[in-house]
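**Q** Generate the whole structure from the sequences, applying the supplied hints.
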Amino acid sequence: MRAQPSAGYVVRFSRWAIVQHAVMIVLFVALLVTGLPQKWPYLEASRWLIAHLGGIFAVRWVHRMAGLLMAVFTVVHVAVAVGGLLLRRFEPTMLLTRKDFTDAVQNLRFYLGRAEAPPRFGRYDYRQKFEYWGLIFGGAVMVVSGLVLYYPIAVSRFLPSELIPAAKVLHSNEALLAFLIILIWHMYGAHLNPEVFPFDSSIFTGKISVERLRHEHPLEWEEMQPRPAETAAPGEAAPGAPASPPPPAPRG
Amino acid sequence: MSVLEGGAMSPRQLSAAGPPGWRPSLFRALIVSTLLGRAIPAVAQEDPSSACFDCHADSSLTLALDDGSEMPLFVDSGALAGSVHEGQLVCTDCHQGYDGDHPSGKTFASRRAFVATAAGVCKECHFETYTLNLGSVHFEALERGAEDVPTCSDCHGAHDIHDPHQKQAMMSGSCARCHRDVFDRYSQSVHGKALVEEGNDDVPACADCHTAHRVERPRSASFRFGSPEACVRCHGDAELMAGYGLSTDVAASYLADFHGVTASLARGGHLEGTDRQVVVVCADCHGVHDIGSPKAISAEQMKARVAGVCARCHQGAGTDFPAAWLSHYRPSLRHAPLVFLVNLAYKVFIPFMVLGLGLQVVLHLYRVAIRR
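For the record, the sequence lines run as chains A and B. Just so we're on the same page, the working numbering is the position in the first sequence counted from 1, plus 1. Just so we're on the same page, the working numbering is the position in the second sequence counted from 1, plus 18.
Think of the hints as simulated: they come from the structure by calculation, not from any bench. Hints should not be assumed to be uniformly reliable.
[Stated by the list, open to error] Residues on chain A that point at chain B, a partial pick, calculated with CB under 8 Å:
(1) Ile51
(2) Glu163
(3) Pro166
(4) Leu181
(5) Tyr189
[What the hints assert, rightly or not] If you anchor each label on the Cβ, the simulated ranges turn out as follows:
(6) Arg48(A) x Ser345(B): 58 to 66 Å
(7) Glu45(A) x Gly100(B): 44 to 52 Å
(8) Gln333(B) x Gly84(A): 51 to 59 Å
(9) Arg232(B) x Glu45(A): 22 to 30 Å
(10) Phe370(B) x Val76(A): 26 to 34 Å
(11) Ala260(B) x Ala80(A): 55 to 63 Å
(12) Val76(A) x Asp199(B): 52 to 60 Å
(13) Ala164(B) x Leu70(A): 50 to 58 Å
(14) Ile368(B) x Arg121(A): 31 to 39 Å
(15) Thr125(B) x Glu45(A): 54 to 62 Å
(16) Val380(B) x Ile137(A): 34 to 42 Å
A quick note: this is a predicted structure, and the numbers were derived from the prediction, not measured. We put the CB at the ideal spot given by N, CA and C, even for glycine.
**A** Listed below in structure tokens is the structure:
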């Protein structure tokens, strides 16, 4: 039941997932570059950046447009994900399960030398799920609080006006949290981690090597293998064989 | 009268250890004197001004001007005494060119024409101040040909010039003479009352906000966006405000707010060419010349006033909309509890996440390292 380690790659991400990840990079960077200087407007560096981006009005315009696009992408992403799950087009591999929590505990025990082996992960490990759900919930917080700040009059007509300054601190703090998580967690997981250094290319090419798949997502790999009753020629399924239809989620 | 002509300087002026601004012009005068081949007169034995008073002490002495009016030429012999120029200038330092054929029979078009010409003499020594004035709204009007534009002596006086940094001195003679209505409003304000009635020097007088010489057009975008700076200069000064029991949070809270950030960043004219007012500044809520103490009116009145200000730009803003502004308070459980709690939650949550994720990264690196 084992393929050759060097037998090739497996298609891991759909084109839709690759596009979403690329769009997310552009929008996230645009929002950070135009947003963080507004969080600390009296820093010399912020003022330099704002001046060189065309002034505060241009910066705010870009920020709002990027934010609206981010909101649209978030809504479309959730709609596609929910729709796909309801129509059973793909498996709910990104949903949190009890195993994710036990995996996290076992993984930390392994890091500390208290467990013999790391947990065996499925299609997404708990670290990737953490980042995915952080992005979904953080994105929702940013979109809602951003819209409150964009349309303060409309909001104040139906809800207490104190929500507007509250939305401002929420937006500002949640942005910092997202930035720090991406800086620490994503930059490590996808770039600085010695196992993928300098750069994990699978979300750009859509492919992952069989070797890495077997090492990082052993349960997914095993599920992919044809059952003994179905095949007469074991080992031929691996190269270039598409995985089960991938979910729309980017890999964290 | 050739006030600009580089005449001989008085020996007193040469020996005077005046303020620093004097030295370049003294130097220039020396060079001019040398180039013209004029010897610097020896130290006079008697007061060179005394000859002037032979005639100008006569209170009936006048000069017929071209416009038909008469200009009094009487000068109080004690006029310079007590002025900033006492002991430093004599008559001919300013009134140059009257030596030989005096009185020459020359006259001026009008009193204003004489005053405007006479102003040229001040820049001989106060050149920096003169250049500041070139950018002012007053100079702009002068260039357009307006006559009633203040020149040096209109604000500072001619013979009786006092230290312009004394607020009382500055207020009494200068701006109010032309801007009477503004001054009347100002003198009813919390600042004006303190200055006019109590002689309080802490409060701003005209020039503290408008500046003295480079008086900017007050409705320009750059003056408007820059105006909070004038307020913050005092209201951000903890030591000064402590004396009046006022909080310096007013400055910090305004600058931390969306509008304060806009005002501070939009300076430099990003709005030039538009008449859009995208930002609210201190004066929009508190008033300009008629600033009153916010404590003098009720919270309800204040809220209604702020609501009116909001509605000027935010069409459809209701009476509750001012609650979107934290009223210069720092968020606390009493004022804006929701804002306070959201902030507090993140103050705990962000370090918790950063430390947790950082720890896991470090542990992973440790695992990778010992496996090798």
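**Q** Next, verify each hint and record whether it holds.
**A** Outcome of the hint check:
no.	hint	verdict
1	Ile51	holds, 6 Å
2	Glu163	holds, 5 Å
3	Pro166	holds, 5 Å
4	Leu181	holds, 5 Å
5	Tyr189	holds, 5 Å
6	Arg48(A) x Ser345(B): 58 to 66 Å	violated, 27 Å
7	Glu45(A) x Gly100(B): 44 to 52 Å	holds, 48 Å
8	Gln333(B) x Gly84(A): 51 to 59 Å	violated, 39 Å
9	Arg232(B) x Glu45(A): 22 to 30 Å	holds, 26 Å
10	Phe370(B) x Val76(A): 26 to 34 Å	holds, 30 Å
11	Ala260(B) x Ala80(A): 55 to 63 Å	holds, 58 Å
12	Val76(A) x Asp199(B): 52 to 60 Å	holds, 57 Å
13	Ala164(B) x Leu70(A): 50 to 58 Å	holds, 54 Å
14	Ile368(B) x Arg121(A): 31 to 39 Å	holds, 33 Å
15	Thr125(B) x Glu45(A): 54 to 62 Å	holds, 60 Å
16	Val380(B) x Ile137(A): 34 to 42 Å	violated, 27 Å
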